[in-house]
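Residue numbers (the numbering used here), protein chains in the order written: chain Y, 31 to 242; chain E, 5 to 108.
Since the hints were derived computationally from the structure, they do not count as laboratory data.
Treat the hints with care, since some could be wrong.
Said to hold, decoys possible - Per label pair, the in silico range of CB-to-CB distance:
hint: 1; chain 1: E; residue 1: Phe76; chain 2: Y; residue 2: Arg234; range: 49 to 57 Å
hint: 2; chain 1: E; residue 1: Thr83; chain 2: Y; residue 2: Leu144; range: 40 to 48 Å
hint: 3; chain 1: E; residue 1: Thr88; chain 2: Y; residue 2: Gly137; range: 33 to 41 Å
hint: 4; chain 1: Y; residue 1: Gly129; chain 2: E; residue 2: Gln82; range: 16 to 24 Å
hint: 5; chain 1: E; residue 1: Gln82; chain 2: Y; residue 2: Arg234; range: 50 to 58 Å
Stated by the list, open to error - A few chain Y residues that don't get close to chain E, going by computed Cβ distances all over 10 Å:
hint: 6; residue: Leu44
hint: 7; residue: Tyr46
hint: 8; residue: Ile47
hint: 9; residue: Ile50
hint: 10; residue: Arg55
hint: 11; residue: Phe58
hint: 12; residue: Ser82
hint: 13; residue: Lys113
hint: 14; residue: Phe123
hint: 15; residue: Gly179
hint: 16; residue: Phe192
hint: 17; residue: Arg230
For glycine and all other residues, C-beta sits at the position ideal for the given N, C-alpha and C.
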Amino acid sequence: MDNKMSQQSPDAELQYIRKIIADSRTAFVEDGKPYIIWGLIVAVGMGITYVSAYTQRDLYTGFVWMGLVLFGWATIIWYIIKKRRAPKRATSFMDRIQGAIWGACGGALGLGVLLIVSYPHAADLPSIHPIYACFVSSLILGIAYFLSGIANDLNWLRNIGFAWWAGAVVMYVWPTIHVLGIYAAMLLLFQVVPGIILLRRYRRIVGTVQEA
Amino acid sequence: MADPLLDSNFDYQQLDDIIHSRIRLAIMAVLISIDEAEFTFIRDKVKATDGNLSIHLKKLEEADYVSVAKQFIGKKPQTTYKLTTKGRKAFQEYIDRLEGMIRR
Numbered sequence: 031m032d033n034k035m036s037q038q039s040p041d042a043e044l045q046y047i048r049k050i051i052a053d054s055r056t057a058f059v060e061d062g063k064p065y066i067i068w069g070l071i072v073a074v075g076m077g078i079t080y081v082s083a084y085t086q087r088d089l090y091t092g093f094v095w096m097g098l099v100l101f102g103w104a105t106i107i108w109y110i111i112k113k114r115r116a117p118k119r120a121t122s123f124m125d126r127i128q129g130a131i132w133g134a135c136g137g138a139l140g141l142g143v144l145l146i147v148s149y150p151h152a153a154d155l156p157s158i159h160p161i162y163a164c165f166v167s168s169l170i171l172g173i174a175y176f177l178s179g180i181a182n183d184l185n186w187l188r189n190i191g192f193a194w195w196a197g198a199v200v201m202y203v204w205p206t207i208h209v210l211g212i213y214a215a216m217l218l219l220f221q222v223v224p225g226i227i228l229l230r231r232y233r234r235i236v237g238t239v240q241e242a
Numbered sequence: 005m006a007d008p009l010l011d012s013n014f015d016y017q018q019l020d021d022i023i024h025s026r027i028r029l030a031i032m033a034v035l036i037s038i039d040e041a042e043f044t045f046i047r048d049k050v051k052a053t054d055g056n057l058s059i060h061l062k063k064l065e066e067a068d069y070v071s072v073a074k075q076f077i078g079k080k081p082q083t084t085y086k087l088t089t090k091g092r093k094a095f096q097e098y099i100d101r102l103e104g105m106i107r108r
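Use the sequences and the hints to build the structure in full.
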């Protein structure tokens, strides 16, 4: 076995090394499921809020949000438990960075939501008006996607960050009730769709590794 | 035309002997891309038998290229390996030398 290597050209050796490194990194491919779960939940909530505000009809948005957020957290907790139970046989720095990016950005968004729901006169504050909240969360999601794209070495995912920032600019210069609808559409386009692409990529890579 | 995979002018004696083995090179390549890995993870990536892998890991450990940590997860023993600073440097030098040979 040892002698085999000495007969190979430097080119072939480098190719072999690259192949091994690429194969090892497949253990840390994102499956995109949290993107899809949260994207759908918030898009539905925001869509209902938009329709309610636009048509001036009470669609019980408070209860809808409460139900959606509880369902979202229950699903995410189930997903995390399932993932942690699966034997984790290797750790990587990029994996930790990825967790830190979404932990920090998700934490900031979660903290915002917590402050809003815990303050009785929240609706009166301009700083947490739904339109402003959409603007701020677009900025935060832009950061998360930009960094996540770099961590995963995926340019298209990094560019999604620019799309979120562009959306934030639109919300800033055009602060109307339609911002809620725009935000819901952005969640579907720039959160759910990337999640589906990541999931398909994950299945393809895992499938390829299992076949090999 | 010469086979690109077989180059008789390739002087492999210039390369680090410890790394210049198919299995050990594969182990180093696996570990360079991640923080640390369990024995079974390396075995699956390198596609070696337990015994063969143990021998090569031991050689890398003796050269101080990899460090080993043994612990129990519940009642199950777990052995994890990671590259040492010396190992990382040696692997980088190995790659540099290979690339130098290609440029020549």
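Here's how the hints hold up against the structure:
1. Our hint of 49 to 57 Å for phenylalanine 76 of chain E and arginine 234 of chain Y is violated, since their Cβ atoms are close to 36 Å apart.
2. For threonine 83 of chain E and leucine 144 of chain Y, the hinted distance range of 40 to 48 Å is satisfied, since their beta carbons lie about 42 Å from each other.
3. Between threonine 88 of chain E and glycine 137 of chain Y, the C-beta spacing of about 34 Å keeps the proposed range 33 to 41 Å intact.
4. Distance hint check for glycine 129 of chain Y and glutamine 82 of chain E: the Cβ-Cβ separation is about 21 Å, which falls inside the suggested range of 16 to 24 Å.
5. The beta-carbon spacing between glutamine 82 of chain E and arginine 234 of chain Y, approximately 30 Å, falls outside the hinted interval of 50 to 58 Å.
6. A beta-carbon of chain E comes within 10 Å of the beta-carbon of leucine 44 of chain Y; the shortest separation is about 6 Å.
7. Look at tyrosine 46 of chain Y: its CB is around 7 Å from the nearest CB on chain E, not clear of 10 Å, so calling it non-interface is violated.
8. Listed as a non-interface residue, isoleucine 47 of chain Y fails to keep its Cβ farther than 10 Å from every Cβ of chain E; the least gap is roughly 5 Å.
9. With 10 Å as the threshold on Cβ separation, the claim that isoleucine 50 of chain Y sits away from chain E is violated: the shortest Cβ distance comes to roughly 4 Å.
10. A beta-carbon of chain E comes within 10 Å of the beta-carbon of arginine 55 of chain Y; the shortest separation is about 6 Å.
11. Its closest Cβ contact with chain E, about 8 Å, brings phenylalanine 58 of chain Y to no more than 10 Å, contrary to its assignment away from the interface.
12. For serine 82 of chain Y, the shortest C-beta to C-beta distance to chain E comes to about 48 Å, beyond the 10 Å cut-off, and the non-interface label holds.
13. Against chain E, the non-interface label of lysine 113 of chain Y holds: every CB pair exceeds 10 Å, the least being about 16 Å.
14. Under the 10 Å C-beta cut-off, the non-interface status given to phenylalanine 123 of chain Y relative to chain E is violated; the minimum distance is some 6 Å.
15. Once the 10 Å rule is applied to beta carbons, glycine 179 of chain Y is consistent with being away from chain E; the minimum gap is 19 Å.
16. Interface exclusion of phenylalanine 192 of chain Y from chain E stands, the closest Cβ pair being 28 Å apart, more than 10 Å.
17. A cut-off of 10 Å between C-beta atoms confirms that arginine 230 of chain Y is not in contact with chain E; the least separation is 23 Å.
Going down the numbered hints, you'll see the structure goes against 1, 5, 6, 7, 8, 9, 10, 11, 14, while the others check out.
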